[in-house]
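Chemist: This is what each chain is made of:
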Amino acid sequence: MMQDLETLRTELLAEIAAAADLDRLEALRVAALGRKGAITERMKALGAMAPEARRAAGQAFNALKEEVAAAIEARRTGLAEADLEARLAAERIDITLPVRPEAEGRVHPISQTVDELVAIFGEMGFAVAEGPDIEDDFHNFTALNIPPEHPARQEHDTFYLRARADGSRMLLRTQTSTVQIRTMTGAKPPFRIIAPGRTYRCDSDATHSPMFHQVEGLMVDETTHMGHLKGCLVDFLRAFFDVDDLPVRFRPSYFPFTEPSAEVDIGCRREGGELLIGHGEDWMEILGCGMVHPSVLRNCGVDPEAYQGFAFGMGIERITMLKYGIPDLRTFFESDLRWLRRYGFAALDLPCMVGGLQERR
Amino acid sequence: MKLTLSWLKDHLETAAPVQAIAEKLSMIGLEVEAVNDPAATFAGFVVGQVIEARRHPNADRLSLCRVETGRGVVEVVCGAPNARTGLKGVYAPVGSTIPGTGLVLKAARIRGVESHGMLLSLRELGLGEDHAGIVELDPGAPVGAPFAEVFGLADPVIEVAVTPNRADCLGVRGIARDLAAAGMGRLKPLAAAPVPARFQSPVRWRLDFPAAAAGACPFIVGRTIRGLRNGPSPGWLKARLEAIGLRPISALVDVTNYFAYDLARPLHVYDVERLAGRELVVRFGRRGERLLALNERTYEADEDMIVIADAAGPQGFGGVIGGEATGCTGATTSVFLEAALFDPVRIAATGRRLGIQSDARYRFERGVDPTSAMAAAEAATRMILDLCGGEASDIVAAGAEPDWRRTIAFRPGRIATLGGAQVPEAEVVGILAALGFEVAGRASGTLSVAVPSWRGDVAGEPDLVEEVLRIWGFDRIATVAVAREGGLPKAALGPMQRRVRSARRVLAGRGLVETVSFSFVGADLAGLFGGVPDTLRLANPIASDLDVMRPSLLPHLLAAVRRNADRGVADVALFEIGPQFAGDRPEDQARVAAGVRAGRTHARHWAQSPRPVDAMDAKADALALLAAAGAPMAAVQVAAEAPPWYHPGKSGVLRLGPKAALAHFGELHPRVLRHLDLAGPAAGFEVFVERIPFPRAGRAAPAPFRPSPYQAVERDFAFVVAREVPAEAVVRAARAAEAMLIVEVGVFDLYEGTGIPAGKKSLALSVKLQATDRTLTEAEIEEAAGRIVAGVETATGGTLRG
Numbered sequence: 001m002m003q004d005l006e007t008l009r010t011e012l013l014a015e016i017a018a019a020a021d022l023d024r025l026e027a028l029r030v031a032a033l034g035r036k037g038a039i040t041e042r043m044k045a046l047g048a049m050a051p052e053a054r055r056a057a058g059q060a061f062n063a064l065k066e067e068v069a070a071a072i073e074a075r076r077t078g079l080a081e082a083d084l085e086a087r088l089a090a091e092r093i094d095i096t097l098p099v100r101p102e103a104e105g106r107v108h109p110i111s112q113t114v115d116e117l118v119a120i121f122g123e124m125g126f127a128v129a130e131g132p133d134i135e136d137d138f139h140n141f142t143a144l145n146i147p148p149e150h151p152a153r154q155e156h157d158t159f160y161l162r163a164r165a166d167g168s169r170m171l172l173r174t175q176t177s178t179v180q181i182r183t184m185t186g187a188k189p190p191f192r193i194i195a196p197g198r199t200y201r202c203d204s205d206a207t208h209s210p211m212f213h214q215v216e217g218l219m220v221d222e223t224t225h226m227g228h229l230k231g232c233l234v235d236f237l238r239a240f241f242d243v244d245d246l247p248v249r250f251r252p253s254y255f256p257f258t259e260p261s262a263e264v265d266i267g268c269r270r271e272g273g274e275l276l277i278g279h280g281e282d283w284m285e286i287l288g289c290g291m292v293h294p295s296v297l298r299n300c301g302v303d304p305e306a307y308q309g310f311a312f313g314m315g316i317e318r319i320t321m322l323k324y325g326i327p328d329l330r331t332f333f334e335s336d337l338r339w340l341r342r343y344g345f346a347a348l349d350l351p352c353m354v355g356g357l358q359e360r361r
Numbered sequence: 001m002k003l004t005l006s007w008l009k010d011h012l013e014t015a016a017p018v019q020a021i022a023e024k025l026s027m028i029g030l031e032v033e034a035v036n037d038p039a040a041t042f043a044g045f046v047v048g049q050v051i052e053a054r055r056h057p058n059a060d061r062l063s064l065c066r067v068e069t070g071r072g073v074v075e076v077v078c079g080a081p082n083a084r085t086g087l088k089g090v091y092a093p094v095g096s097t098i099p100g101t102g103l104v105l106k107a108a109r110i111r112g113v114e115s116h117g118m119l120l121s122l123r124e125l126g127l128g129e130d131h132a133g134i135v136e137l138d139p140g141a142p143v144g145a146p147f148a149e150v151f152g153l154a155d156p157v158i159e160v161a162v163t164p165n166r167a168d169c170l171g172v173r174g175i176a177r178d179l180a181a182a183g184m185g186r187l188k189p190l191a192a193a194p195v196p197a198r199f200q201s202p203v204r205w206r207l208d209f210p211a212a213a214a215g216a217c218p219f220i221v222g223r224t225i226r227g228l229r230n231g232p233s234p235g236w237l238k239a240r241l242e243a244i245g246l247r248p249i250s251a252l253v254d255v256t257n258y259f260a261y262d263l264a265r266p267l268h269v270y271d272v273e274r275l276a277g278r279e280l281v282v283r284f285g286r287r288g289e290r291l292l293a294l295n296e297r298t299y300e301a302d303e304d305m306i307v308i309a310d311a312a313g314p315q316g317f318g319g320v321i322g323g324e325a326t327g328c329t330g331a332t333t334s335v336f337l338e339a340a341l342f343d344p345v346r347i348a349a350t351g352r353r354l355g356i357q358s359d360a361r362y363r364f365e366r367g368v369d370p371t372s373a374m375a376a377a378e379a380a381t382r383m384i385l386d387l388c389g390g391e392a393s394d395i396v397a398a399g400a401e402p403d404w405r406r407t408i409a410f411r412p413g414r415i416a417t418l419g420g421a422q423v424p425e426a427e428v429v430g431i432l433a434a435l436g437f438e439v440a441g442r443a444s445g446t447l448s449v450a451v452p453s454w455r456g457d458v459a460g461e462p463d464l465v466e467e468v469l470r471i472w473g474f475d476r477i478a479t480v481a482v483a484r485e486g487g488l489p490k491a492a493l494g495p496m497q498r499r500v501r502s503a504r505r506v507l508a509g510r511g512l513v514e515t516v517s518f519s520f521v522g523a524d525l526a527g528l529f530g531g532v533p534d535t536l537r538l539a540n541p542i543a544s545d546l547d548v549m550r551p552s553l554l555p556h557l558l559a560a561v562r563r564n565a566d567r568g569v570a571d572v573a574l575f576e577i578g579p580q581f582a583g584d585r586p587e588d589q590a591r592v593a594a595g596v597r598a599g600r601t602h603a604r605h606w607a608q609s610p611r612p613v614d615a616m617d618a619k620a621d622a623l624a625l626l627a628a629a630g631a632p633m634a635a636v637q638v639a640a641e642a643p644p645w646y647h648p649g650k651s652g653v654l655r656l657g658p659k660a661a662l663a664h665f666g667e668l669h670p671r672v673l674r675h676l677d678l679a680g681p682a683a684g685f686e687v688f689v690e691r692i693p694f695p696r697a698g699r700a701a702p703a704p705f706r707p708s709p710y711q712a713v714e715r716d717f718a719f720v721v722a723r724e725v726p727a728e729a730v731v732r733a734a735r736a737a738e739a740m741l742i743v744e745v746g747v748f749d750l751y752e753g754t755g756i757p758a759g760k761k762s763l764a765l766s767v768k769l770q771a772t773d774r775t776l777t778e779a780e781i782e783e784a785a786g787r788i789v790a791g792v793e794t795a796t797g798g799t800l801r802g
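Protein chains in written order, with the numbering used here: chain A, 1 to 361; chain B, 1 to 802.
Some clues are possibly wrong.
Here are the simulated lysine to aspartate or glutamate pairs, EDC-like style, with alpha carbons at most 20 Å apart [claimed, not checked]: (1) B:K490 - A:D235; (2) B:K659 - B:D614; (3) B:K24 - B:E159; (4) A:K36 - A:E15; (5) A:K36 - A:E11; (6) A:K323 - A:D242; (7) A:K188 - A:E130; (8) B:K619 - A:D205; (9) A:K65 - A:D4; (10) B:K650 - B:D716; (11) A:K323 - A:E281; (12) B:K24 - A:E281; (13) A:K44 - A:E67; (14) B:K490 - A:D242; (15) B:K24 - B:E485; (16) B:K768 - B:E782; (17) B:K24 - A:D282; (18) B:K106 - B:E129; (19) B:K768 - B:E783; (20) B:K619 - A:E102; (21) A:K65 - A:E102; (22) B:K490 - A:D221; (23) B:K24 - A:E285; (24) B:K768 - B:D716; (25) A:K188 - B:E129; (26) B:K24 - A:D265; (27) B:K490 - A:E123.
If the Cβ cut is set under 8 Å, some of the chain B residues that face chain A in the computed set are [claimed, not checked]: (28) M27; (29) V480; (30) D534; (31) P579; (32) P586.
Read the hints as simulated data drawn from the structure, not as lab findings. C-beta atoms are modelled at their ideal positions from N, C-alpha and C, and glycine is treated no differently.
Excised from the complex, chain A in its bound form (with noise of 0.2 Å):
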């Protein structure tokens, strides 16, 4: 009997370790263990010893089914590593091929520019206001101290409307600042505004654009003065160029809406035809602003007695092709998805002040 067993464990064994694949150990498990397997079969002759040869042999039956089974497990794993091997080794593909399409979008600049005054001036404390691009004289030029006459006011400047029926005619906002006006007016300061939008003139050439876009500012209360409108500025010029130390210069200039009057240059340098935004033997004008008006106050039914502060205004597109370096003002307008790609903004890169105004590019 023992001799028996020894031979069946030898055979198992021979033949678990000679298994070519699952199949083969799965019917060698079968044929040993089943139910009706060698082991389980000569098992079933236990029912007939004597108890003490039963014990015996129990145990010796028990220990051989626990080394095939081990056994069978053990080759069920290496046979699984050989054939996961073998298959990995016919499985490649060419990392080298272009990923599946995903469509990029694109935010345009001038969107991107107004991310970043809202972001800058919204940390001083401004909200963003807006108006109608379609703007009647009063709040384009008769309340902004712009008088009848003024040349401005003429049609090679100004884009005006067919003639109403009652023979008014509206014309094409030439500035943002006719914001200020819809703010203040009807309004209790303190006023603390920006104002980006689309403005109009009558011009087009390699610098002139008929539609343009413009940020106004306006900060009215009881106090604020030219230190402030200094400050304000310079604060913005420093964050929005990304340069801690922007030299900014305030020149005393005019305009009808305020006074006092100053325009703004910032430093810069030219080196090999590029310009570079900084310190540099150059200055260049970069916005108009100044003492909001008492009579632009006055118009809007603000006493300027009580109440004064300052306005601001530039381009918007001038701005993002100094930030940005791009050359041409016209082809901010021209659709060009090529240049959009080159010149857009990714959709997340949302500007802030404290997660840094803009990803270096």
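Given the coordinates of chain A, work out where chain B should sit on it, guided by the hints.
Modeler: Relative to the frame of chain A, chain B by itself:
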């Protein structure tokens, strides 16, 4: 406004170099656009004398010159035939730039002999074409002296952009006054002695205006000068006029031009012999009157223009341009000088209507010093007598100098409270006085400041703050950071602005590229998109294809598709967020987010085939945008009722209830595509972002969300329904039939054809069922399925597909 440094020094005693003057001008509000300093071009060039010239040992045509430069003797190789001992020429040292060639001069060995510098020809100096020989200077020219000075080129020209308020700075004297106030020198007094009258002027003025329009020409003076000889102006006068870009004509004309620039005072001279009669009438023009002007063009007068007329008719448009018939010629021996005051607004209107931009108009429309007529008449008379001889009559005048005197109550404290600067009061008074303001005694902290006649622009306290600060220095005002209320910023964007910003980012995230296009479009194109009322037509469009305000954003987007296709980019996904217009009132302007996809979804690819874009792409964009904008998506309905610029069978509107559309989407109408010369396909959307309702504010916090922990099951149903039954009706019916358990319904198959009766379609839904409080039993699932089938069949007339 241009002036030269020497001209400035007629009025300003200063030793400041031109660069310092230019810098200062810009910083006091007189922006310098350019300084053209010819001396800078010739920097380093000096008068050099050839002390010995001999033949070059190795070249016949070259000579070796030893040149005394004033700073030592150098050896120069020269190829000019006229190089000879004793000649004084222009010596350029090594390292200088030759203006004619732009090259930097280097020490060079020429045929074995070292040459240290160069003697220059006129062409090399950039002053002419003559290259036959080197320049020969006057033998008296001092050796070593700067060439530019010797050659009379040392007078730098400064170009100032004078702001419209500073009429006084359209004259050199005004600029000099500002500079003096800013500490750049001392303003010289103006010679004021009147020229004595030798006879009575035969020519007289008469003002002939209706009383209500007397302001058209309140005051005019004149005087006759006889026995003179007109001819070319002297060199200094010609040089000055030429330096600022004026063409010298004759002494008499040049004198009037000179004072326009010297004192910002336009003048005019009439040839007395050529006047008809001896009375000049200043009046409004009359219809049909014509004038041959000094620019040799004929103009027609009207009743709003001021003309100066003699017995024969208008001889000039007052303040704008004079007439040819009474102008001065070489034969003129007797002139009548005019110095007038005109209404600026009227002059501007006249000039505009006539299309004449003259130095006179430029000054009159900005405002001429009302006291300058008399002073300028005297100064001009003096110069005419100097240059042309003759004798002057008395001064004849009509009208009266208008009352220009104004006093401003000025609180010097405003410099601190408005200007943000602490300027000592003595300095304030000093600056104002230097600018010509008279500061009278102060009462209770207020100065009484009298404005000078030439500063019509100064009207109030803020003007005086500006006057003081621009001279004191804007750059000296301390910057103060803008403090915000509270420690944290408030939202800068309102709800609508935030919505627009996220719409933009969502669309860009979906692969669309943002563009910005003009708010105006061509009327024909606008017509395809609903057209515009007459009030949206531009009276003065910049181009005929940009003549109306756009009724939709799609025309420009589609035109952009076309342009990109022309440039080789056929697959396009563009969007714009901007205004469209239905009328000219503010409420007629709507903010729209619109996009167009054209061509294929993407380029051909080894793993993924592209397909043509279609209405569903546009619908997806529109829905994504509505969701991002916070629209109540469950309530959004779709209907096949898009406007006529969309394909009638492949388009729709998205809306809430029967109200106005939140969005249109669909393939563009083939007619529209054809008009734009687009091969198609193209699908677009228009989302009216302002029409999306905001969630009502102040509602209680939403019920907490607890995802069900129990098993979900999915069951598929295929229904055969009539072809025109919308899929959405089937989905809604299914949802409604089992509102409690359904968590998701998908449409996974749409089939028409074999096996389905004609006029019908098979629509397959996958329905996910899940309870929040238990695992569903098989029986419950069967019951739910039964309700779903019954619900869909009842609602749509369809049947479950066997």
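Chemist: Now look at each hint and say whether the structure bears it out.
Modeler: To see whether the hints hold, each was checked on the structure:
With a C-alpha separation of about 19 Å, the suggested pairing of K490 of chain B with D235 of chain A holds against the 20 Å cut-off. Distance hint between K659 of chain B and D614 of chain B is unfulfilled; the C-alpha atoms sit about 26 Å from each other, more than 20 Å. Restraint check for K24 of chain B and E159 of chain B: the C-alpha separation of about 13 Å stays at or below 20 Å, so the hint holds. Using a Cα cut-off of 20 Å, the hinted pair K36 of chain A and E15 of chain A holds, with the two alpha carbons roughly 18 Å apart.
The hinted pair formed by K36 of chain A and E11 of chain A meets the criterion: a straight-line CA distance of about 17 Å does not exceed 20 Å. The hinted pair formed by K323 of chain A and D242 of chain A meets the criterion: a straight-line CA distance of about 9 Å does not exceed 20 Å. With a C-alpha separation of about 17 Å, the suggested pairing of K188 of chain A with E130 of chain A holds against the 20 Å cut-off. At roughly 39 Å between alpha-carbon atoms, K619 of chain B and D205 of chain A are farther apart than 20 Å, so this suggested pair is violated.
Taken as a hint, the K65 of chain A and D4 of chain A pair is honoured in the structure, with Cα atoms around 14 Å apart against an allowance of 20 Å. About 28 Å separates the Cα atoms of K650 of chain B and D716 of chain B, which puts this hinted pair outside 20 Å; it is violated. At roughly 18 Å between alpha-carbon atoms, K323 of chain A and E281 of chain A fall within 20 Å of each other, so this suggested pair holds. The suggested pairing of K24 of chain B with E281 of chain A holds, with an alpha-carbon distance near 16 Å, which does not exceed 20 Å.
A threshold of 20 Å between alpha carbons decides the hint, and for K44 of chain A with E67 of chain A the separation of about 19 Å falls inside it, so the pair holds. A distance of roughly 23 Å separates the Cα atoms of K490 of chain B and D242 of chain A; the hinted pair therefore is violated under the 20 Å criterion. With a C-alpha separation of about 39 Å, the suggested pairing of K24 of chain B with E485 of chain B is violated against the 20 Å cut-off. For the suggested pair K768 of chain B and E782 of chain B, the alpha carbons sit about 13 Å apart, so the restraint of at most 20 Å is met.
Annotation: proposed proximity of K24 of chain B to D282 of chain A holds, straight-line Cα distance about 15 Å (limit 20 Å). Between the alpha carbons of K106 of chain B and E129 of chain B the distance comes to roughly 23 Å, so the proposed pair goes past 20 Å and is violated. At most 20 Å may separate the alpha-carbon atoms for a hinted pair to count; K768 of chain B and E783 of chain B meet this at roughly 14 Å. Between K619 of chain B and E102 of chain A, the direct Cα distance comes to roughly 19 Å. Compliance with the 20 Å bound is thereby established for this hinted pair.
A hinted pair counts as satisfied when its Cα atoms are at most 20 Å apart, and K65 of chain A with E102 of chain A does not qualify at roughly 59 Å. At most 20 Å may separate the alpha-carbon atoms for a hinted pair to count; K490 of chain B and D221 of chain A meet this at roughly 18 Å. Our distance criterion of 20 Å between C-alpha atoms is met by K24 of chain B and E285 of chain A, whose separation comes to about 16 Å. Using a Cα cut-off of 20 Å, the hinted pair K768 of chain B and D716 of chain B holds, with the two alpha carbons roughly 9 Å apart.
Taking the CA atoms of K188 of chain A and E129 of chain B, the gap is near 70 Å; set against the 20 Å cutoff, the hint is violated. Taking the CA atoms of K24 of chain B and D265 of chain A, the gap is near 15 Å; set against the 20 Å cutoff, the hint holds. Of the supplied pair hints, the one linking K490 of chain B and E123 of chain A holds, its CA atoms being roughly 8 Å apart against a limit of 20 Å. For M27 of chain B, the shortest C-beta to C-beta distance to chain A is roughly 6 Å, which falls under 8 Å, so the interface hint holds.
Evaluation of the V480 of chain B hint against chain A yields a held restraint, the C-beta minimum of about 4 Å falling below 8 Å. Taking 8 Å as the C-beta contact cut-off toward chain A, the hint placing D534 of chain B at the interface holds, the least distance being around 6 Å. The restraint placing P579 of chain B at the interface with chain A holds, with a minimum CB-CB distance near 6 Å, inside the 8 Å limit. The closest approach between the C-beta of P586 of chain B and any C-beta of chain A is roughly 4 Å, which is under the 8 Å cut-off, so the hint is satisfied.
Against the hints set out earlier in the document, violations occur for numbers 2, 8, 10, 14, 15, 18, 21, 25.
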